[in-house]
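There are 2 protein chains.
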Amino acid sequence: MSSPLGNALIGQSGGPTAVINQSLIGVLEAAVADPRIGSVYGALHGVKGILEGDLIDLTQQDPAEFDRIAATPGAALRSVRKKPAAEEAERVVEALDAHDVRFLFYIGGNDSAETALLLLDAARARGQQLQVIHVPKTVDNDLMETDHCPGFGSAARFVALAHQGDDMDNRSLPGVKINVIMGRHAGWLTAASALARHDEGSGPHLVYVPERVFDMDAFLEDVAGSMERHGRCIISVSEGIHRADGTLIGAGEERDSHGNVQLSGSGALGDLLSMRIKAALGKSTRVRADTFGYLQRSYPGTVSDQDALEAREVGRRGVAYALGDDRPSGSVVIRRAAGDVYAPEYALAPLENLAQKTRVLPEEFLRGNNDVSPAFIDWLRPLAGALPQPGLLRCPPVGARVSS
Amino acid sequence: MSSPLGNALIGQSGGPTAVINQSLIGVLEAAVADPRIGSVYGALHGVKGILEGDLIDLTQQDPAEFDRIAATPGAALRSVRKKPAAEEAERVVEALDAHDVRFLFYIGGNDSAETALLLLDAARARGQQLQVIHVPKTVDNDLMETDHCPGFGSAARFVALAHQGDDMDNRSLPGVKINVIMGRHAGWLTAASALARHDEGSGPHLVYVPERVFDMDAFLEDVAGSMERHGRCIISVSEGIHRADGTLIGAGEERDSHGNVQLSGSGALGDLLSMRIKAALGKSTRVRADTFGYLQRSYPGTVSDQDALEAREVGRRGVAYALGDDRPSGSVVIRRAAGDVYAPEYALAPLENLAQKTRVLPEEFLRGNNDVSPAFIDWLRPLAGALPQPGLLRCPPVGARVSS
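Quick note, the sequences are listed as chains A and B, same order. Just so you know, this note's numbering puts 298 at position 181 of the first sequence, and the rest follows in order with no gaps. Just so you know, this note's numbering puts 252 at position 135 of the second sequence, and the rest follows in order with no gaps.
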């Protein structure tokens, strides 16, 4: 089975998202539709599948299921966290050559962009024809060159909806509530919690991201201030908050007042902050902490429509770029069209501009040390989609005893 | 302002749910529509609001907002966790008498049913005309007399959807995943995770509820078995799992192999189980744990339609029962109509049958020590609503090297 330009192979890599399969189907439907591409293969568990010969023939996937697969969270091709060593990269491109694969589409984040670059270099070193297109995904939204990453909008929507519900819960039974959000190095997803705000008093009241050095004393003052102003305090905090020297808050070296509790594990940061707040504000203060965990990247019920659409489109565009006259490699990125109405534009950026690099929240999206700016909310809204407007009772108090 | 029978007062109590305001609006719309009821008041923070005179006039709430308020999670009237002492109960009913309140609607769980009963008794002791209607809500689903509780269906839907997404995530990056679910004394919500299953291999693969004694050795064998069969293992576990003597697993007395880590805090149970699994299956086993927390009761994005409808209806029915000829007190309960098609029926049960009592999973809803029965899934499905059918790739492997 020969074809004009060769076969294509798709892999998925890194932490999955709720829309990563939109990108898979976007690549697949564009690739099977174009006669210049022969077979379309899928590698199970990314480069690991190529190394181990674990490939499936996506050309034989029933297209009637495309939309259902696209709408399913998790990586349909399975994922992997693996940076190929030089010798492995060579074996990977040899395997691609043996399968006449001339187009590699690798769906992932900045580590995956590095893998894509390593494979491109290995192919070039062998003088082998191979184009490598990195198709972006990450709930962390920390890729360079792109305005935002597919996967982020849906995770942001989940975090914002969760905070909207949590704010209503906390109004019901007031106290301090800490929500620990994904993001080791960048605070995009934590910042998205602020989209939940819908009136003057609504939470999150405080937002802490890794872009700022975390100061425990300032934090405790912030919480006390919110308790005084609102009678309650919802705190959204990135798992990656750290001291000036870069050490993580809640990374295991903390002990309680008896010196015998060493916090660790999945709830460590929330528990540490809870303990400190109780010590500062008094044991009777109601303090609760939740660590949102994997729900942020896999919850299937509330995907952002815009995010799903763009995730599909970066896959399709990846194929179109690959077939362009100059036959490039690169990463598909999203830009904003000029003007007041949100509209995405697409482009191809050099892999080396994204590989292993991290894009953090810019200064104009932050406000002080514990909040985001209105500019961030304006930027975020079209990506996460409109949130429901909560309904609140608006009734006068019953004043004096009424006549019976 | 006098009226034929007197005024009504509504309170909300205990942990909120995603549909508790459906019941509030259900009571309110039925009460304002009936000329036999005068003013309709709301107590802020339940009995606390009655004691402190913190009442609002719900009759003046704009009905155009009813549906929006009903669709908002959290207790719109604010909530409270308070069992009134005898002297307080007396003061509460005195305050009700002073406001000519002859109908008290108290929306809550089994603790709230006890409060309702205490207030009814206090009124009777004073020879005071008062009907007390308990309107059920709880994500725990642990009330006696009722087939199920408003609030549970939506929480169950959240837990099932979360497990569906988590299952796809875990297929992508295989390993052991532990999800800790709300439920100290009853495993209804944990059991609901099994609704996520859609094919032979899908998770949760193991389900542990407080209705069974938890045996750590058997658990570790179960996990090893699932890893062998599926190459992965998703575990849904109630926060309330315990030893034969009733002590909670992960309640703080556990230490690691060095003897110096005392697990505690919000992630304690998940962390303990993770530690034990790694010790049994080897450190290289990928093990992750999430504790779902308050999201289960407040997430606004994926409410069960049937649950919302029934939550509204128990409020409306409460008013209808209160105005019945025999002028009863009691708790509104839901029964299933006979027949193959799900249909709810409503009734009024004596408060003393619910107060402080806990309904656990019946034997026929469990299977062995680590699963639920098909009968449970059949029972649950109409309450949580249909889940999306995940889309999976179905393609043959790429066999030999293809010709180039």
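I should point out that these hints are in silico values taken from the structure, not numbers from a laboratory. One or more hints might be untrue.
Note: identical chains are not told apart, hence a pair may lie in one copy or across any two.
Unchecked claim - Calculated lysine-lysine pairs in the DSBU-like style (CA-CA distance at most 35 angstroms, straight line): (1) Lys-400 - Lys-165; (2) Lys-199 - Lys-165; (3) Lys-200 - Lys-400; (4) Lys-474 - Lys-200; (5) Lys-474 - Lys-400.
query: 35 angstroms Cα cut-off: does Lys-400 pair with Lys-165 within a copy, between copies, both or neither?
result: between (51 angstroms within a copy, 21 angstroms between copies)
message: At most 35 angstroms between alpha carbons: which applies to Lys-199 and Lys-165, within, between, both or neither?
response: within (8 angstroms within a copy, 57 angstroms between copies)
message: Regarding Lys-474 and Lys-400, is the shortest C-alpha distance of 35 angstroms or less found within a copy, between copies, in both, or in neither?
response: between (43 angstroms within a copy, 30 angstroms between copies)
query: Can you tell me if Lys-474 and Lys-200 fall within 35 angstroms by alpha carbon in one copy, between copies, both or neither?
result: within (15 angstroms within a copy, 56 angstroms between copies)
task: Can you give me the call for Lys-200 and Lys-400, within, between, both or neither, at a CA distance of at most 35 angstroms?
output: between (48 angstroms within a copy, 21 angstroms between copies)
Violated hints: none; the structure is consistent with every hint.
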